[in-house]
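Going down the list, the sequences are from chains D and F.
Numbering follows this note's numbering, with no gaps: position 345 of the first sequence is 1451.
Numbering follows this note's numbering, with no gaps: position 372 of the second sequence is 1478.
The hints are simulated quantities; they were obtained by calculation from the structure and are not laboratory data.
Keep in mind it's a predicted model, so treat the numbers as computed, not measured.
Be aware that a few hints might be false.
Claimed, not checked - Okay, derived cross-link-like pairs now, BS3-like style, lysine-lysine, Cα gap no bigger than 25 angstroms in a straight line: (1) D:LYS1185 <-> D:LYS1226; (2) F:LYS1404 <-> D:LYS1436; (3) F:LYS1178 <-> D:LYS1179; (4) D:LYS1404 <-> F:LYS1179; (5) F:LYS1434 <-> D:LYS1404; (6) D:LYS1178 <-> F:LYS1226; (7) F:LYS1404 <-> D:LYS1434; (8) F:LYS1179 <-> D:LYS1145; (9) F:LYS1145 <-> D:LYS1179; (10) D:LYS1434 <-> F:LYS1395; (11) F:LYS1434 <-> D:LYS1185; (12) D:LYS1178 <-> F:LYS1178; (13) D:LYS1434 <-> F:LYS1178; (14) F:LYS1185 <-> D:LYS1185; (15) F:LYS1434 <-> D:LYS1226; (16) F:LYS1404 <-> D:LYS1473; (17) D:LYS1178 <-> F:LYS1179; (18) F:LYS1145 <-> D:LYS1434; (19) F:LYS1404 <-> D:LYS1185.
The chain contents come next:
There are 2 protein chains.
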Amino acid sequence: MKYEVITTEGRAKRAVMETVHGTIQTPVFMNVGTVAAIKGAVSAEDLENIGTQVELSNTYHLHVRPGDEIIKKMGGLHKFMSWNKPILTDSGGFQVFSLAGLRRIKEEGVTFQSHIDGRKIFMGPEESMQIQSNLGSTIAMAFDECPPALADRSYVQPSVDRTTRWLERCRKEMDRLNSLEDTINKEQLLFGINQGAIFPDIRIEHAKRITEMDLPGYAVGGLAVGESHEEMYHILDEVVPYLPQNKPVYLMGVGTPANILEAVDRGVDFFDCVYPTRNGRHAHLYTNKGKINLMNAKYETDDRPIEEGCQCPACRRFSRAYIRHLLKAKEMLGMRLCVLHNLYFYNHLMKEIRDAIEGGVFAMYKKHKLEALAGDNGE
Amino acid sequence: MKYEVITTEGRAKRAVMETVHGTIQTPVFMNVGTVAAIKGAVSAEDLENIGTQVELSNTYHLHVRPGDEIIKKMGGLHKFMSWNKPILTDSGGFQVFSLAGLRRIKEEGVTFQSHIDGRKIFMGPEESMQIQSNLGSTIAMAFDECPPALADRSYVQPSVDRTTRWLERCRKEMDRLNSLEDTINKEQLLFGINQGAIFPDIRIEHAKRITEMDLPGYAVGGLAVGESHEEMYHILDEVVPYLPQNKPVYLMGVGTPANILEAVDRGVDFFDCVYPTRNGRHAHLYTNKGKINLMNAKYETDDRPIEEGCQCPACRRFSRAYIRHLLKAKEMLGMRLCVLHNLYFYNHLMKEIRDAIEGGVFAMYKKHKLEALAGDNGE
């Protein structure tokens, strides 16, 4: 793995990361395909067609269905879903703490109930690494606890300390797994995750400790889970300077286009979020003049594309009126076209951001873009 | 419109039909897109990629949503759904008689309740032609009554007589509409429909009467609605010889691959059926060795495509194991890939049939194909 910062503007970084599954141009938005499929009938082939660089899959979901052993048997996640570019897998931790049923946290890990069939599952750092190794993703995320954004210091500090100890165990286990003969991706990369809720001192202290471990990349986790945007930006202002400048920084689960612009401005270069897919499935569409709700009656005979000039598979061919009709008639094609548009919008936004940083005009670009995105689409 | 029989083998016809929206090579399978969309998130672009020649939309469904006036305002169905090849619309009759709520048949037409909002709608021959003219389809179907397959003679005879009178009114109204200035497709073609349930004499008498009207094409309706396959083949044996040889013959709503082979052998050259889409959505997949149910546990780690050598978008890239996983996880992508495979299978079957007739080997091809299709896919 090689990560090289090509240029910077302020704290914004324009970088290139080489992986065993190909090159990633950053800042990058990773398209979320929870169970090895993008919700909205979007395939790996579609992702290629809308400029996706990195696909993100969820370890917890794939562990419970179809099972990571099955995927390993099928040659790993890349082969299974027919995607030959980089894949990042999360650790399963977030889902264990947010989605699973009754759970018990101990030093060893977490015991919880599957949301599919209620069966008891244990997951600790070693299990998370083993599952992600079975999946063979390009980048594996450390197993951490993501404490609630508004948790007390008295809860957060011991949680973060445990997350640090878990990170040591993750690294050790990943080193072991990467050295095994039958491992799918022997160059799997481990990213550490910074936690600490909205306490800058805990965040900074943690950032220093995990930076010492010299991992290939670092994420800021536990944001966009209840705190305000301003609190999130403040935490980034405080903590990103303590993460290595010459390594990728990933802001997990973020966010709106405005969030991304602000975070890039604070040195972040990896993003992921379900907004484009989830909003697309609900007819909420991103445009460069603000969001539109395609279910609105005023689009009934609107023969324009979702956004004039957009080169996505929906806008190149279909009208607002047609897509609205499909959504009203509950035809899956409507959701598919909306999701394709929104993902294209996000991927294209990242390209604009990269170009702006390269051209040394990111500050101006960001200002104008934020104004445009806050618009009402000329309506 | 020009229809030319290139070659025949027995009663099987290999023909070419020129329309204002392009050429149709027959025998042809029309892909059903009820509300101007193929169920399973399949777009007009996808149809092009799987070799679809004709799309079929349902007049009744489009009349109630989004409304044919809306579609006319959008420039017609071709522009609305972005499909520039031939489209056939049914008359709405079948849905009125099978899908709508309480209904009353009179000489003028049928009063019924919308299945969407229960409002009262009247549809007769003129209304059906007006709606189909608003849609601007390539081929419009006559408004008929499709009596139940097992109805009494005493019901069927007067029903068929009324259908004949309705056909006269359809023709007159279509001639009028095609001459209007703002009509979308002034060369819209009207196909008559033969009815008569399973009474050969009523069918033949009706075929003679509608053939005298010298319409651009004829359909055999009211089959595959309850009678046995043998009865259906028998009716075709009896009635097709009384339809003009130099015009296209369309067997409505049929059927399985075996049904199609048998009907081609009896002189039919147009088909449509919801089987490939409906079966695809339920994981029932066509192969040249028989159907498979992809939900079966034995496919859990099967890394072969649905069918070896198939050039459909699903088989070119994805494994049975992956598609099965998607279906189990209720990911829309699973349904989409299955529908694409099944439609490709049907379109490809028709190509094989055309090639076989052209090569003068249809009888042999049919025999071997029927044997293969009845297989258990080697399992």
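How the hints compare with the structure:
1. D:LYS1185 <-> D:LYS1226: Violated - the C-alpha atoms of LYS1226 (chain D) and LYS1185 (chain D) are around 29 angstroms apart, more than 25 angstroms.
2. F:LYS1404 <-> D:LYS1436: Distance ~33 angstroms between LYS1404 (chain F) and LYS1436 (chain D) Cα, so the pair is violated.
3. F:LYS1178 <-> D:LYS1179: 54 angstroms, violated
4. D:LYS1404 <-> F:LYS1179: 14 angstroms, holds
5. F:LYS1434 <-> D:LYS1404: Violated, at roughly 38 angstroms.
6. D:LYS1178 <-> F:LYS1226: 58 angstroms, violated
7. F:LYS1404 <-> D:LYS1434: Distance of about 38 angstroms is beyond 25 angstroms: violated.
8. F:LYS1179 <-> D:LYS1145: Violated, because 33 angstroms separates the two Cα atoms, which is more than 25 angstroms.
9. F:LYS1145 <-> D:LYS1179: 33 angstroms, violated
10. D:LYS1434 <-> F:LYS1395: Violated, at roughly 39 angstroms.
11. F:LYS1434 <-> D:LYS1185: Answer holds: LYS1434 (chain F) to LYS1185 (chain D) is near 19 angstroms, not above 25 angstroms.
12. D:LYS1178 <-> F:LYS1178: With a Cα-Cα distance of about 53 angstroms, the restraint between LYS1178 (chain D) and LYS1178 (chain F) is violated, given a limit of 25 angstroms.
13. D:LYS1434 <-> F:LYS1178: 18 angstroms, holds
14. F:LYS1185 <-> D:LYS1185: Cα-Cα ~39 angstroms, so violated.
15. F:LYS1434 <-> D:LYS1226: 21 angstroms, holds
16. F:LYS1404 <-> D:LYS1473: It is violated: about 56 angstroms lies between the C-alpha atoms, which goes past 25 angstroms.
17. D:LYS1178 <-> F:LYS1179: Given pair LYS1178 (chain D), LYS1179 (chain F) is violated - Cα atoms ~54 angstroms apart, limit 25 angstroms.
18. F:LYS1145 <-> D:LYS1434: Holds, at about 14 angstroms.
19. F:LYS1404 <-> D:LYS1185: 19 angstroms, holds
Hint compliance for this structure: hints 1, 2, 3, 5, 6, 7, 8, 9, 10, 12, 14, 16, 17 are broken, all remaining hints hold.
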